[in-house]
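S.K.: Take a look at the letters that make up each chain.
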Amino acid sequence: MHALPPSRRAVLAAALGCATPLALRAQPAPAASATSAAAGLPRLVTVSGAITEVVYALGAEAQLAGTDTTSLYPAAALKTPKVGYLRQLSAEGVLSLRPDAVIATTEAGPPVVLDQLRSAGVKVELVPSEYTWDDVRRKVQAVGHAARREDAARALQARLDAEWAQLGREVAQAAAGRAAPRVLFVLSHGPSAQVGGQGTAGDALIRFAGGVNALTGFTGYRPMTAEALASSAPDFILTTEQGIDALGGPQKFWQRPELALTPAYQRRALIALDALLLMGFGPRLPQAVRALHASLYP
Amino acid sequence: MSASSGPARPGAGQTAGAEGMAAPPPPPRSGRLLAPRGALALGLALVALAFVAGGASGAYPIAPAQLLGALAHAVSGTPPDTPQQLVFLNIRLPRLLLAAAAGAGLALAGALMQGLFRNPLADPGLVGISSGAALAAGLTIVLGPAWFPALPHALGSWTLMLTAFAGGLAVTGFIYRFAQGPAGTHVALMLLAGVAVNALAGAGLGYLNFMATDEQLRNIQFWLLGSLGGARWSAVALVTAVVALCCAAALAWARPLNAIALGEAQAALLGVHVERTKRAAVLITALAVGAITATTGIIGFVGLVAPHWVRLLTGPDHRVVLPCSALLGAALVLAADAVARTVVQPAELPLGVLTAAIGGPMFLWMLRHFRGRV
Amino acid sequence: MTLQCIDARVVAAGGRVLLGGISATLRPGRFTAILGPNGAGKSTLLSLLSAQRRPDAGQVLLDGQPLHALAPGALALRRAVMPQEGAVAFDFTVREVAELGRYPHRRQPAADESGIVAQALQATGVAGLAQRIFNTLSGGEKARVHLARTLAQVWAPLPGGAARWLLLDEPTAALDLAHQHQALRLLRERAHAQGCGVVAVLHDLNLALRYADDVLLLAQGEAISLGPAPEVLTPGRIERLWGIACTQVRGRDGAVQYLFGQASA
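Chains as they are written, first to last, in the numbering used here: chain A, 22 to 319; chain B, 15 to 388; chain C, 2 to 266.
None of these hints come from the bench; they were simulated from the model.
Check the hints yourself; a few may be wrong.
Derived, one-sided and incomplete: chain A residues facing chain B with beta-carbon distance under 7 Å [to be verified]:
hint	residue
1	S111
2	L116
3	V133
4	Q137
If the Cβ cut is set under 10 Å, some of the chain B residues that face chain A in the computed set are [said to hold, decoys possible]:
hint	residue
5	Y74
6	M225
7	G243
8	R246
9	R355
10	Q359
11	P360
Cβ atoms here follow ideal geometry from the backbone N, Cα and C, with glycine treated the same way.
Required output: the full structure, derived from the provided sequences and hints.
M.R.: In structure tokens form, the structure reads like this:
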């Protein structure tokens, strides 16, 4: 007998196993090989949704040989060959796409596979995540460098920096003289939910948008319990669209007893953003902040 | 005693016939589908076939000539000279070896446990090895960064392997000690204690799941689903060595396990060192399955199913069942991994999904087909 | 060359005395039946003699040596035990089960191991069942296979000439009428012709009278008597111990047997 009862394990495994091929629907990428072979530009495999977004933002999608299963935006990315989940990559799978470079966040793994890719002559570039604007800078720079499109990367960066600066001014203006709204960042996977403290994607986003994290004093995630929320008194709750869909809609979300006494509950102030948009910290970060800001300061 | 032929109905030999000795019995018609030598030969052939098939399949296309070239380089010690050979030697070959070692070790442990518990439904997980390793891995993934921030905790690192191995051994050791009584190891108690401890470990893992962040949860779940892709050459070599040693050691206990099928009391009366046999079986299982689980996560079904198939074909003599189970297990996992690596390429399916999905229905089919023999 | 109990005592975990100070000397070349009412301690005594159990007081000696001082492997070469019940896990064939009896000889196999097993199967009349799966047999057939296994264990004379012992716990319990007689005849032949010491727990007094040389009579954990069967099994004793009236008769072949009547008052 294994740790989880075999039946439950089997169901979980079967679900994952079935979901994976449905999500992957691997197709060869003949167009990419033809174009990049002609252009002599490096072939890329990008692991992590935000990094894939950068590739498309640079207009370098012809060089994209494959992506991981978290690369869901734009829609075209769904049609690229999928090399698996970012934490469980397949060495041979990646190599079969003949990339020159693999760009990923530091969450990618397993580490052995990354070593095997390096030993096969593939450049593996890992970008750390700190949930700051620098994340975006690093991703753009890494992709630009690996794709040998440094000029386009610089242009993109300049555009994004300008957008970010403008957004910062708008947020500062709107927030001047007003109390910052208290926002709770909730990540739910199934029946259990977690709330984010410092050092999480949601926390950073809240600050950027002119709000303040309703929970202080801890880093990372904690289970969402009544005690944890007792002193938080959030005005808004920020969560992912996918989490709400999995629950079955906002009404189901508000049925959580822990939320009943919060100011957010009284106004049903729920802000749901797409998960990748919310936590990817890619070129759409200004868009995410703008969306959140608009909800916080209507 | 009256002679009786071999009729199909049981009890038919009980007729009180004429007295006197029967004529000398006819030369024994083998009641088994496979004789020992044939079974071993078939097992070796299956492993060889699965090895070749596994070696030839994968997301990365490698021509057969390149495969041979790679092997030539490996044997002669010279470095490979094409990327295909490099991929084969660095990525595919260690994986093939790990698959063979994992399959052999799990099947061998399954056969040992079934002999020890005198029950064809026994499974290496009964003595807590898998759940102990899983719990230790979960603890490392979830609590490791908080308690030991200096320790690298990424999947596939030595830390995770060592803690999983230690966890498996610790839990098995606990269950074994728990079952000690004045008359030695009480096997039934070990079974029941195993059930309870497995439940506890499951609860512990459940709680860790609850506490874990998204990332940690994913790590735990992938670890649980089993994969051969996360092991370094050094780990593969270590596991292969451990499994080979365990297979060799297990053979010495084949005849005692046969005698134990008569019951522990009768086996002792035949001169079997029953206590030593139990200890050896548990220890070999713990080492083999512990090393495998620490490296690959949980791969289910092989330990339960492979010995069954062997027994259906060759009979329950452990001198045949132990080595043939190891061979069949190796072939099964090699084949399953080949499928896992290619069916959704360039991604991979978790191996545990496949072994359960394939093993289950095939097991049912065989049970139905050989219903009379079980 | 003897198998002896000297003042052997066995006390159960709760304090109940199973055997109180039994002393008996058994010799090879003779068939000794252990008889007694239920709860007399027959199986307990047999387990003492086979070294399955150690006495809480007193000694059990084989050829003058304490039983428990002998290594299990060495002991298994000299004595074979047939249990009352013999479930066998997995689907071993009859032949394989009988071959398990040769386990003690694995280090120094005889010249014709398979021949010995075949002869043992033939002796108990199950040679024709050799390829059958043991667990598909009837109770009587299974008992005969276990008997064959027991015989096979000590089939050949030992180098050095030490006596071989056969200890059997109710070997006829599952057998039908004809096979009961044949099994006991076989055991007696083993004792007389082969020089084995045969000790069997029996329930049937008439069978004991017919086939056993000696009877060791037990009641409530005490040895009542040990001696030649007709001397030990007197009508008076039988009536006293079993509470059944009995009449002595003589069979056509001259053997003394008993007819049992109503329970005496």
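S.K.: Hint by hint, note whether the structure agrees.
M.R.: Results of checking the hints against the structure:
The beta carbon of S111 (chain A) comes within 4 Å of a beta carbon in chain B, closer than 7 Å, and the hint placing it at the interface holds. Among the interface hints, the one on L116 (chain A) holds; its C-beta lies about 5 Å from the nearest C-beta in chain B, closer than the 7 Å criterion. Given the 7 Å rule on beta carbons, the hint for V133 (chain A) holds: about 5 Å separates it from the nearest Cβ of chain B. The criterion of a C-beta within 7 Å of any C-beta in chain B is met by Q137 (chain A), whose closest approach is roughly 5 Å, and the hint holds.
The interface hint given for Y74 (chain B) holds, since its Cβ lies 4 Å from the closest Cβ of chain A, which is under the 10 Å cut-off. The closest approach between the C-beta of M225 (chain B) and any C-beta of chain A is roughly 7 Å, which is under the 10 Å cut-off, so the hint is satisfied. Checking G243 (chain B) against chain A: minimum C-beta separation of about 6 Å stays under 10 Å; hint holds. The restraint placing R246 (chain B) at the interface with chain A holds, with a minimum CB-CB distance near 5 Å, inside the 10 Å limit.
Proximity of R355 (chain B) to chain A holds as hinted, the smallest CB-CB distance being about 7 Å (cut-off 10 Å). The beta carbon of Q359 (chain B) comes within 6 Å of a beta carbon in chain A, closer than 10 Å, and the hint placing it at the interface holds. The closest approach between the C-beta of P360 (chain B) and any C-beta of chain A is roughly 3 Å, which is under the 10 Å cut-off, so the hint is satisfied.
In this structure, every one of the numbered hints holds.
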